[in-house]
Amino acid sequence: MIRLDVRRLVDVAMRTFVALAALLAIVPLALILGFVVYRGAEGVDLALLTQLPRPVGQVGGGMANAIVGTVVLLGLATVFALPLGIAAAVYLAESPDRGLPGLVRFLADVLTGIPSIVIGIFAYAVVVVPTRRFSALAGGVALAVIMLPIVIRTSEEIIRLVPAALREAALALGVPQWKAVLRIVLPAARTGIVTGVLLAMGRVAGEMAPLLFTAFGNQYWSRGVDEPIAALPLQIFAYASSPFEDWHRQAWAGALVLIALVFALDVVARVVTRKRGE
Amino acid sequence: MPRHVDQELTSLERMVVRMGDAVQEQLRHAMEALVRRDEAGARQVIDGDRGVNAQDLEIDEKCVEVLALYEPAAGDLRLVTTVMKIVTDLERVGDQAVNIAQRVLELIVEAPAEPMLELLRMADRAAGMLKESLQAFIGHDTALARRVCAADDEVDELKERLFRELLDVMIADSRAIPPSMRLVLISRYLERVADHATNIAEMVIYMVESTMVRHAEAAVAPRTRHEGDKP
Amino acid sequence: MADGIVVKDLNAWFGAQHVVKHVSMEVPRNAVTAVIGPSGCGKSTFIRCLNRMHETVRGARVTGAVLLDGEDLYAAGVDPVTVRRRIGMVFQRSNPFPTMSVFENVAAGLMLNGVRDRAVLRERVEQGLRQAALWDEVKDDLGKRGLKLSGGQQQRLCIARALAVAPQVLLMDEPCSALDPIASARIEELILALSKELTVVVVTHRMSQARRVSGWTAYFLLGELIEFRPTRELFTRPGDRRTEDYITGRFD
Chain A
170 MIRLDVRRLV
180 DVAMRTFVAL
190 AALLAIVPLA
200 LILGFVVYRG
210 AEGVDLALLT
220 QLPRPVGQVG
230 GGMANAIVGT
240 VVLLGLATVF
250 ALPLGIAAAV
260 YLAESPDRGL
270 PGLVRFLADV
280 LTGIPSIVIG
290 IFAYAVVVVP
300 TRRFSALAGG
310 VALAVIMLPI
320 VIRTSEEIIR
330 LVPAALREAA
340 LALGVPQWKA
350 VLRIVLPAAR
360 TGIVTGVLLA
370 MGRVAGEMAP
380 LLFTAFGNQY
390 WSRGVDEPIA
400 ALPLQIFAYA
410 SSPFEDWHRQ
420 AWAGALVLIA
430 LVFALDVVAR
440 VVTRKRGE
Chain B
208 MPRHVDQELT
218 SLERMVVRMG
228 DAVQEQLRHA
238 MEALVRRDEA
248 GARQVIDGDR
258 GVNAQDLEID
268 EKCVEVLALY
278 EPAAGDLRLV
288 TTVMKIVTDL
298 ERVGDQAVNI
308 AQRVLELIVE
318 APAEPMLELL
328 RMADRAAGML
338 KESLQAFIGH
348 DTALARRVCA
358 ADDEVDELKE
368 RLFRELLDVM
378 IADSRAIPPS
388 MRLVLISRYL
398 ERVADHATNI
408 AEMVIYMVES
418 TMVRHAEAAV
428 APRTRHEGDK
438 P
Chain C
82 MADGIVVKDL
92 NAWFGAQHVV
102 KHVSMEVPRN
112 AVTAVIGPSG
122 CGKSTFIRCL
132 NRMHETVRGA
142 RVTGAVLLDG
152 EDLYAAGVDP
162 VTVRRRIGMV
172 FQRSNPFPTM
182 SVFENVAAGL
192 MLNGVRDRAV
202 LRERVEQGLR
212 QAALWDEVKD
222 DLGKRGLKLS
232 GGQQQRLCIA
242 RALAVAPQVL
252 LMDEPCSALD
262 PIASARIEEL
272 ILALSKELTV
282 VVVTHRMSQA
292 RRVSGWTAYF
302 LLGELIEFRP
312 TRELFTRPGD
322 RRTEDYITGR
332 FD
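Residue numbers (our numbering), protein chains in the order written: chain A, 170 to 447; chain B, 208 to 438; chain C, 82 to 333.
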């Protein structure tokens, strides 16, 4: 009887300890969220969401162009990264593990580790210099390069998870392999691929360094993708490192908007997964 | 590695042997009763048929059981269907023994006619064929089975000879007609016993070689096994 | 009886492993041929060679000839894709396309090969579903997702899908092994009905099924064809001792 009690005591103690550890682990996250919401909530108003930045020293204005700019950049990045990433994923999924595919996989993994600022410099050299201008395009390219390995790896995993039986069923109907992959395997992997893309988007939404010398930022609305464009991270950086109170306030608000954006992408990813839950 | 069904198949074989022994006993007792003019003996044979029939039903039921439960194929299947047929023949032999016993009872009453030597020889031959056919079954011995088939002609010949002799007796003395007719009947029963033994032998050949020699003319000459042909 | 498929000295490898060895046989047309044998005897690989599915596996290799209507399906220049349109296949586990409805599943083979005419598709879908004895159960809701059907229905859906392409031959790799006895029995009835117009080859590990359903049976062991003869003969008096041992359950 006594031994039983000791065991139960130890069990309860361990459970408590583990629960506390878990709580402790999310403290930083809670703090960040809490802080941003606390400091940023007051700044999120209609002005922030609809107006352009005011000139230096003037109070007021907003980040409308930065918000739109972030969306545009994400859109461009996805347009570049998605087809290329999925095509690469298909190639890797249908190939053996050694040889060229193995090399490609290895390189993709290396790419995830390259500092984003280096990727920014790469985009600068490859897009900005030849076109002699900063542009949304260059920013999109930079972000796309960051997104690419994520899309490739997650898509490849998902495609591999599609049961071979489906592929076989398509082949057995006399469908050529490329068609089988395109019309049967990919649609079956659709949910997973979408999730992967959304997560990749969430990852790059907050990148600032690569945008520094590609998108460059803009105080006004951009009239085309070949012009520099504003983006939330750039704007937040600029405002936060300024000496102006009002800009600090707007920076907090912008941070809140950015976090909300990433959060929204995550939620959508979850909803999409659950809806088609297999 | 022995299969579960082997137990059942062995059991079936043993049951057939038991029934075969019982039937052979009946036949022997019937002939003894004839020779010794033993009324009690004859009655015993008639009563004994009940046991034979019971065994017939028992074995049949077991065969159906094996078919249902084990879905036997190939050699096993042929074994079971052979057993079912053998048992039918054995039961008929039992009936013939009863028939003989009934004629014995009538003969005892009627007249002290001596059973002819041919009759005893027929009984001997028929009993021998029966015994050998059952041996062939146990031993899966098709050579022995074929010899049994060949011996059938001999029995037929004996029957013919007996009939002619009895005919002479009946012509010579009309009072001898009733007992002589009984003896003729007994000879027919014995001939039937030989036929049944032949049936059993033919089924044994089918079981072992899967060639159907029943109702075939060339039953005596051994056939070559045909390998599976293309369509 | 004219021949459905003639197999001549077929060999198949997985890499260095020789899994089908020198198999020759003439599969009768418009009849059901069963392929039986213990696990690993090569029977599945064998039928996958008939519709050139075996070679879709990396490292797989085939030699020999498979003749359909006199033409060798393995001749140089023959596109395996067209072979598979003439020889359909149904697998052990039903595999309807998960994102498609019943209608789309059955029409898949046609749609993916460029058939667009809705009228034609509807007609072929209905025909396929009727042949698969599934029409009455799904006709009121063809838009339902394929996966929502029961196991037995899904397998019949896969059969309908294979039939909609109007193949000459239907290969079935243990089609009932994942099904309960009633669903199984339905598919067996189906197979018997189909065989009047179609050459059917069924791989099965249930001998009772081979007995019920097939007119001819092939027994494989360790990659070799041991015996091929009419079913009623193979199961009452097989020619080879090994066949007899297998079908009477003697394993040593």
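Among the clues, some could well be false.
[Claimed, not checked] Ranges between beta-carbon positions, derived for each pair:
id : chain 1 : residue 1 : chain 2 : residue 2 : range
1  : A       : P265      : C       : E218      : 49 to 55 angstroms
2  : A       : I201      : C       : V196      : 37 to 43 angstroms
3  : B       : E268      : C       : E136      : 54 to 60 angstroms
4  : C       : P262      : B       : A261      : 53 to 59 angstroms
5  : C       : E136      : B       : R221      : 54 to 60 angstroms
Bear in mind the hints are in silico, worked out from the structure with no lab data behind them.
Glycine included, each C-beta is placed from N, C-alpha and C at the ideal position.
Hint-by-hint comparison with the structure:
For P265 (chain A) and E218 (chain C), the Cβ-Cβ distance of about 43 angstroms falls outside the hinted range of 49 to 55 angstroms, so the restraint is violated. The beta-carbon spacing between I201 (chain A) and V196 (chain C), approximately 57 angstroms, falls outside the hinted interval of 37 to 43 angstroms. About 55 angstroms separates the C-beta atoms of E268 (chain B) and E136 (chain C), a value consistent with the hinted range of 54 to 60 angstroms. In this structure the hint that P262 (chain C) and A261 (chain B) lie 53 to 59 angstroms apart at CB is violated, the actual value being about 37 angstroms.
Between E136 (chain C) and R221 (chain B) the C-beta distance comes to about 56 angstroms, which sits within the given range of 54 to 60 angstroms.
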